[in-house]
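2 protein chains.
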Amino acid sequence: MNSKRVAQETAKVLQDYLTYQAVRTILDQLSETNPTQALWLRQFSQQHSLQNSEAYLEALMAERKDLVMRIMTVREDLAERVLDFLPEMVRSGMEESNLYYRCQILERLTQTPPEDQENQESDDSNATE
Amino acid sequence: MNSKRVAQETAKVLQDYLTYQAVRTILDQLSETNPTQALWLRQFSQQHSLQNSEAYLEALMAERKDLVMRIMTVREDLAERVLDFLPEMVRSGMEESNLYYRCQILERLTQTPPEDQENQESDDSNATE
Chain A
1 MNSKRVAQET AKVLQDYLTY QAVRTILDQL SETNPTQALW LRQFSQQHSL
51 QNSEAYLEAL MAERKDLVMR IMTVREDLAE RVLDFLPEMV RSGMEESNLY
101 YRCQILERLT QTPPEDQENQ ESDDSNATE
Chain B
1 MNSKRVAQET AKVLQDYLTY QAVRTILDQL SETNPTQALW LRQFSQQHSL
51 QNSEAYLEAL MAERKDLVMR IMTVREDLAE RVLDFLPEMV RSGMEESNLY
101 YRCQILERLT QTPPEDQENQ ESDDSNATE
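Chain order of the listed sequences is A and B. Residue 9 in our numbering sits at position 9 of the first sequence, and the numbers go up by one each step. Residue 18 in our numbering sits at position 18 of the second sequence, and the numbers go up by one each step.
No lab work stands behind these hints, which were simulated from the structure alone. Each hint should be verified, as a subset may be incorrect.
No copy is singled out in the list; a pair is fine if it fits within one copy or between any two copies.
Claimed, not checked - Here are the simulated lysine to aspartate or glutamate pairs, EDC-like style, with alpha carbons at most 16 Å apart:
1. K4 - E107
2. K4 - D84
3. K65 - E54
4. K4 - E80
5. K4 - D77
6. K12 - E76
7. K12 - E54
8. K4 - E58
9. K65 - E80
10. K4 - E88
11. K4 - D66
12. K12 - D66
13. K65 - E107
14. K65 - E32
15. K4 - E96
16. K12 - E95
17. K12 - D28
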């Protein structure tokens with residue numbers, strides 16, 4: 001298992017996702033303060049995927065440098081607020097989810113299937129007859 | 001800005017993404033040890049999106065509990081190996097990216113546009129005439 005590759009790819013996904021959240025935050029802000037600009041940014045974001053935040057910012061640079069600056073500031077701020085909490089949150093979310101599936105698997109393994117139970121019961125009744 | 005909501009949504013994305021990486025790792029392993037099973041899991045993963053890892057595992061539970069167990073073990077292991085490095089990696093990736101765009105913006109701001117330069121030069125030459 002190549003942990004280094006996984007770490008690098010995961011960090012990239014995380015950076016893209018925080019950039020998406022920054023754009024979403026700015027869209028919320030603009031829709032209150034400057035609806036025309038909000039509409040413009042919404043349309044731009046439909047044409048340029050935020051799955052690749054670097055390509056998105058590169059394209060936005062050609063059109064609105066002020067918005068690029070704003071996105072950078074907001075994503076930096078978001079990163080500062082959430083990054084340090086993520087490892088613990090993901091760990092506990094994963095533990096909870098794994099526990100749920102492990103319990104389900106254990107339940108099904110220890111449960112005698114209904115059909116077998118019936119057979120067993122009829123066997124027992126035969127035995128006592 | 002609702003940092004709590006952003007943190008929760010980001011943790012969910014991260015958990016989904018590590019589950020995807022776990023499936024990918026298992027596919028690599030199986031394609032060497034058990035190609036038939038690798039093919040089956042590949043087809044299953046095409047039919048069930050890993051964008052929502054919980055729905056994926058829920059569906060897999062009905063078909064192959066052993067693979068659910070294996071995915072849980074691998075994603076836990078991956079989480080243990082990479083989670084603690086992510087905050088620093090994302091922070092430095094974002095800093096690097098932000099620096100790149102800030103430099104570009106600064107360069108363009110301080111650069112006199114070529115047209116203006118030409119005008120200036122012709123103005124200068126007029127002045128010396």
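Now for the hints, and whether the structure bears them out:
no., hint, in the structure
1, K4 - E107, "neither (37 Å within a copy, 35 Å between copies)"
2, K4 - D84, "between (20 Å within a copy, 13 Å between copies)"
3, K65 - E54, "within (14 Å within a copy, 39 Å between copies)"
4, K4 - E80, "between (23 Å within a copy, 12 Å between copies)"
5, K4 - D77, "between (26 Å within a copy, 13 Å between copies)"
6, K12 - E76, "within (15 Å within a copy, 20 Å between copies)"
7, K12 - E54, "within (10 Å within a copy, 22 Å between copies)"
8, K4 - E58, "neither (27 Å within a copy, 29 Å between copies)"
9, K65 - E80, "neither (23 Å within a copy, 39 Å between copies)"
10, K4 - E88, "between (20 Å within a copy, 14 Å between copies)"
11, K4 - D66, "neither (35 Å within a copy, 27 Å between copies)"
12, K12 - D66, "neither (24 Å within a copy, 31 Å between copies)"
13, K65 - E107, "between (57 Å within a copy, 12 Å between copies)"
14, K65 - E32, "neither (21 Å within a copy, 49 Å between copies)"
15, K4 - E96, "neither (26 Å within a copy, 19 Å between copies)"
16, K12 - E95, "between (24 Å within a copy, 13 Å between copies)"
17, K12 - D28, "neither (25 Å within a copy, 22 Å between copies)"
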